[in-house]
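Visitor: Below, each chain spelled out in residue letters.
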Amino acid sequence: MRELTYAQAINEALMENLEKDPRVFLMGEDIGRYGGIFQVTAGLLDKFGPERVIDTPISESGFVGAAVGAAMTGMRPIVEIMFIDFTTCAMDMIVNQMAKIHYMFGGRGKIPMVLRTNIGAGRGAAAQHSQSFHSFFMHIPGLIVVTPSTAYDAKGLLNTAIQEENPVIFIEHKKLYVTKGDVPEEYYAIPFGKAEIKREGKDITLVATHAMVHRSLSVAEEFSKEGIEIEIVDPRTLRPLDKGAILESFKKTGRLIVADEGPVTCGVSAEISAIIAEEAVEYLRAPILRVGSLDTPVPFSPPLEKIYIPDEDNVREAINKMKEYL
Amino acid sequence: MVPEANLSKIKEGVRAVPAARWKAKREDIDLSLVKGSGPGGVILPKDIEQFRVTQGAIRASLKEEKIHASTLARKLAERKRVVLETLEGTGTRGRIMMADVEQAIEQRSHRREGVEEEKEWFGKTIPMTQIRKVIAKRMAQSAFTAPHIYFFTDVEMDRLNQLREEILSEFEKQFKVRISINDFLIKTVALTICEFPMLNAMVRGEEIYIHPEINVGLAVAMEEGLIVPAIPRADRLGLGRIAQMRSDLVERARTGKLKLEEIERGTFTVSSLAQFDITFFTAILNPPQSGILSVGKTTDQLALREGQVIVKRIARLGLSVDHRIIDGAVAAAFLQSLKKRLENPSFTFMNL
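First to last, the sequence lines map onto chains A and B.
According to numbering that gives the first Met the number 0, the first sequence holds residues 0 to 325 in order.
According to numbering that gives the first Met the number 0, the second sequence holds residues 0 to 351 in order.
Do not take every clue at face value.
Unchecked claim - Listing some non-contacts, in silico: residues in chain A with all C-beta distances to chain B over 10 angstroms:
#: 1; residue: 7
#: 2; residue: 22
#: 3; residue: 45
#: 4; residue: 60
#: 5; residue: 64
#: 6; residue: 123
#: 7; residue: 124
#: 8; residue: 138
#: 9; residue: 162
#: 10; residue: 177
#: 11; residue: 220
#: 12; residue: 262
#: 13; residue: 280
#: 14; residue: 283
#: 15; residue: 286
To be verified - Listed next, the in silico EDC-like pairs over lysine to aspartate or glutamate satisfying Cα-Cα at most 20 angstroms (straight line):
#: 16; chain 1: A; residue 1: 201; chain 2: B; residue 2: 48
#: 17; chain 1: B; residue 1: 136; chain 2: B; residue 2: 263
#: 18; chain 1: B; residue 1: 34; chain 2: A; residue 2: 323
#: 19; chain 1: B; residue 1: 24; chain 2: A; residue 2: 323
#: 20; chain 1: A; residue 1: 250; chain 2: B; residue 2: 247
#: 21; chain 1: A; residue 1: 322; chain 2: B; residue 2: 48
#: 22; chain 1: B; residue 1: 45; chain 2: A; residue 2: 225
#: 23; chain 1: B; residue 1: 45; chain 2: A; residue 2: 323
#: 24; chain 1: B; residue 1: 175; chain 2: B; residue 2: 263
#: 25; chain 1: B; residue 1: 45; chain 2: A; residue 2: 45
To be verified - Only some residues are given here: those of chain A computed to face chain B with a beta carbon under 10 angstroms:
#: 26; residue: 88
#: 27; residue: 253
#: 28; residue: 278
#: 29; residue: 282
#: 30; residue: 284
#: 31; residue: 285
#: 32; residue: 289
#: 33; residue: 316
#: 34; residue: 325
In short, the hints are calculated from the structure, not lab data.
In this text, a Cβ means the ideal position worked out from N, Cα and C, and glycines have one as well.
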C-alpha cells in the first residue's frame with residue numbers, strides 16, 4: 000500500500016470531499032494562499048478557488064459562528080482553528096451554539112460541521128500555542144470528539160466526520176503531521192466509537208491517544224523482550240468512547256495505564272479510570288496509573304518543555320511501577 | 000468466632016488489590032493468612048493462587064501420610080463410598096485391608112437397620128462442613144452484635160385453618176400446589192411489614208437502611224444445616240404465586256440447588272417448628288436482618304364463649320428483634336397487628 004503522511008492523509012480526505020460534495024467548503028486562518036500552518040490544506044485553494052477555500056480574518060468567533068449558520072442552512076463547513084489554544088476565542092460559538100442548536104430546536108436544526116484543530120507541545124511555541132486541552136470538549140454533550148493517531152485513522156475518521164449530521168471536533172496532533180503510514184487509495188470511513196487494539200498483550204492494558212500511541216508502542220516492544228506483553232488500546236474517538244473495548248481488554252489484564260498528552264488533572268485518563276472503578280473494580284490487580292502532561296503551563300525553555308511532555312521515559316516509568324504487581 | 004469489632008481490626012492490617020480480595024472472598028480464604036508479594040507486601044491475585052496450592056499440598060501430604068491401604072481395600076472403599084480416613088487398619092503397621100472395609104460396610108448396614116454403634120459418635124472429633132462453618136459464623140455474629148429482645152403472643156387459628164380447608168382443593172387445582180399455613184404466614188408478615196418499615200431494616204455502620212423490597216425468608220431445616228431462601232416482594236404477590244415459589248424454593252433447598260441471590264435477598268425471616276411438639280421458642284436473628292418470627296405448634300385450649308366452654312386452636316408466635324433499631328413498643332405493635340390479621344383472615348386476604 001502507498002504511504003502518506005498524517006497531514007497528506009487529511010489533505011486527501013478534504014480534497015475528495017470537496018470534489019464529491021458541493022456543500023463542503025473550508026474556512027480558516029492562512030488555509031488558502033499559505034496552505035495552512037501545517038500545510039494540511041496545501042493546494043486546495045488552487046484546485047477549488049476562493050469561494051470554497053476561504054482565508055478568514057483573525058476572528059475565530061466570527062468564522063466559527065459563520066460556519067454554524069452555514070451548516071444550519073444545509074452546507075457542510077469545515078473550519079480550521081490554527082491551534083487548539085485559539086478555540087477559547089470561539090468558546091461561545093462552539094459550546095453554546097454549535098453543540099446546542101440541534102437540541103434546542105427540537106431536532107429541526109442540524110449542524111453538520113467539522114472543526115479541525117490540533118494539540119501537542121514540542122515546537123518551542125510556548126504556553127499559548129502548545130496546549131492539549133482536548134478533554135474540555137469531552138465535557139460538552141452535543142459534540143463528537145475525534146482523536147486520530149495514524150494517517151490511516153485520520154483519513155477514515157475525517158471521512159466519517161464530514162458525513163456526520165452532528166458537530167464534530169476533529170483534534171489532530173502537531174507532532175504526528177509528518178509521521179507516515181499506509182493509506183488506501185479508495186474511499187473508506189472509520190465509524191465513531193470503535194476503539195482499535197494497536198497491539199495485543201495479556202499483562203497490562205495501556206489506553207493511549209494521539210502521539211502517546213506511538214510512544215507506547217515503542218516502549219511495549221522493549222518490555223516484550225522481558226516477557227511482559229502490553230495491550231495498547233486506541234479509543235480513536237473520545238466521545239463517543241468505546242467503553243466496551245476498554246473494559247474487555249482491562250478484564251483480561253486487570254491492570255490499567257492511561258496515556259494522554261493532556262494535563263493529568265480532570266483529563267481523558269481521569270474519565271477512563273473512573274469507568275474502570277465504577278464498572279470493573281473487582282478485576283483490578285494494581286493501582287491505575289496515568290501518564291500525561293505536568294499540571295503547569297507549557298514552558299518555553301526547550302529543556303523544560305522536554306520534561307513537560309509525556310514521552311517514552313514516562314511510559315517506561317509507569318510500566319516499571321506496574322511491573323511490581325505482575 | 001471473634002466478635003465483629005475484633006474482625007474489622009484484623010482486616011484493616013491486610014493490604015490486597017481488589018482482584019485479590021474478590022478472589023479470596025469467592026474461595027473463602029482468610030486474607031490475613033496470605034503472604035503478599037506485591038510492593039510493600041500487598042497481596043496480589045497470584046498470592047491467593049499460591050496459597051491455595053500450598054494448602055492443597057499440605058492437605059494432600061497429610062492424607063498420604065495417614066492412609067496406608069491395600070489396593071483392593073481402596074477400590075472397594077471407592078466403590079462403596081467408605082471414607083478410608085475413618086477406618087482403623089488391621090494389617091501390618093495399621094495398613095487398611097479389604098476385610099476392614101468389608102467390616103465397615105457391614106457395620107453401616109447394621110446402623111441402617113437401627114443397630115446404632117454408639118462408639119462411632121461419642122469421643123469423636125468431627126470437622127465442620129462448609130455450611131456448618133457459615134452457620135456458626137453468622138449465628139455468633141448475630142448473637143454478639145445485635146441485642147435481641149423477644150415477644151410472644153397467642154393467635155387464634157380457627158378461622159385461618161377454616162379458610163385453608165375451604166380453599167384447599169380449588170387452590171390446588173388452579174395453582175398445582177398445596178397451600179400451607181406457612182404461605183399465609185409469609186403473606187401476612189409481608190403485609191404487616193408494609194405498616195412497620197423498621198422491621199424491614201438493617202444496621203449499616205451508623206445508619207439504618209430500610210430495604211426497598213419486602214423479601215420474606217423461610218427457614219428450611221436440612222441434615223447439613225439450616226438455610227433460608229426468601230420469597231421476593233411477598234407483599235405484592237398473590238397467595239398462589241407465594242405457595243408456588245415456597246414449594247419450589249424448599250424443594251431446591253433440600254437438593255442444594257438454590258442460587259446465592261435467593262438466600263441473600265431476604266429482609267425478614269419466618270422460622271416454624273409447628274410440626275414439632277414445641278410450644279414456643281426464641282430465634283436468633285438472621286443477620287443482617289432485624290426481625291424473625293418463630294412459630295410454635297398449634298394446640299387446643301379451652302375458652303368461655305357466652306357461658307359455654309369451647310375449644311380454640313391456639314398457635315404461639317414469637318418475635319425476635321434487634322433492639323439497636325427497634326424498641327419494644329414498635330415490636331409489640333407489629334406483633335399485635337400481625338395477630339389481628341391472622342385472626343381475621345377473610346379481610347386480610349381479600350386483596351383489597
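Visitor: Each of the hints needs a verdict: does it hold here or not?
Guide: Hint check results:
{"no.": "1", "hint": "7", "verdict": "45 angstroms, holds"}
{"no.": "2", "hint": "22", "verdict": "52 angstroms, holds"}
{"no.": "3", "hint": "45", "verdict": "59 angstroms, holds"}
{"no.": "4", "hint": "60", "verdict": "47 angstroms, holds"}
{"no.": "5", "hint": "64", "verdict": "49 angstroms, holds"}
{"no.": "6", "hint": "123", "verdict": "38 angstroms, holds"}
{"no.": "7", "hint": "124", "verdict": "39 angstroms, holds"}
{"no.": "8", "hint": "138", "verdict": "28 angstroms, holds"}
{"no.": "9", "hint": "162", "verdict": "42 angstroms, holds"}
{"no.": "10", "hint": "177", "verdict": "40 angstroms, holds"}
{"no.": "11", "hint": "220", "verdict": "25 angstroms, holds"}
{"no.": "12", "hint": "262", "verdict": "27 angstroms, holds"}
{"no.": "13", "hint": "280", "verdict": "5 angstroms, violated"}
{"no.": "14", "hint": "283", "verdict": "4 angstroms, violated"}
{"no.": "15", "hint": "286", "verdict": "8 angstroms, violated"}
{"no.": "16", "hint": "A:201 - B:48", "verdict": "18 angstroms, holds"}
{"no.": "17", "hint": "B:136 - B:263", "verdict": "15 angstroms, holds"}
{"no.": "18", "hint": "B:34 - A:323", "verdict": "15 angstroms, holds"}
{"no.": "19", "hint": "B:24 - A:323", "verdict": "23 angstroms, violated"}
{"no.": "20", "hint": "A:250 - B:247", "verdict": "36 angstroms, violated"}
{"no.": "21", "hint": "A:322 - B:48", "verdict": "18 angstroms, holds"}
{"no.": "22", "hint": "B:45 - A:225", "verdict": "19 angstroms, holds"}
{"no.": "23", "hint": "B:45 - A:323", "verdict": "12 angstroms, holds"}
{"no.": "24", "hint": "B:175 - B:263", "verdict": "27 angstroms, violated"}
{"no.": "25", "hint": "B:45 - A:45", "verdict": "64 angstroms, violated"}
{"no.": "26", "hint": "88", "verdict": "45 angstroms, violated"}
{"no.": "27", "hint": "253", "verdict": "5 angstroms, holds"}
{"no.": "28", "hint": "278", "verdict": "13 angstroms, violated"}
{"no.": "29", "hint": "282", "verdict": "6 angstroms, holds"}
{"no.": "30", "hint": "284", "verdict": "4 angstroms, holds"}
{"no.": "31", "hint": "285", "verdict": "6 angstroms, holds"}
{"no.": "32", "hint": "289", "verdict": "17 angstroms, violated"}
{"no.": "33", "hint": "316", "verdict": "14 angstroms, violated"}
{"no.": "34", "hint": "325", "verdict": "8 angstroms, holds"}
Going through the hint list in order, the structure does not satisfy hints 13, 14, 15, 19, 20, 24, 25, 26, 28, 32, 33.
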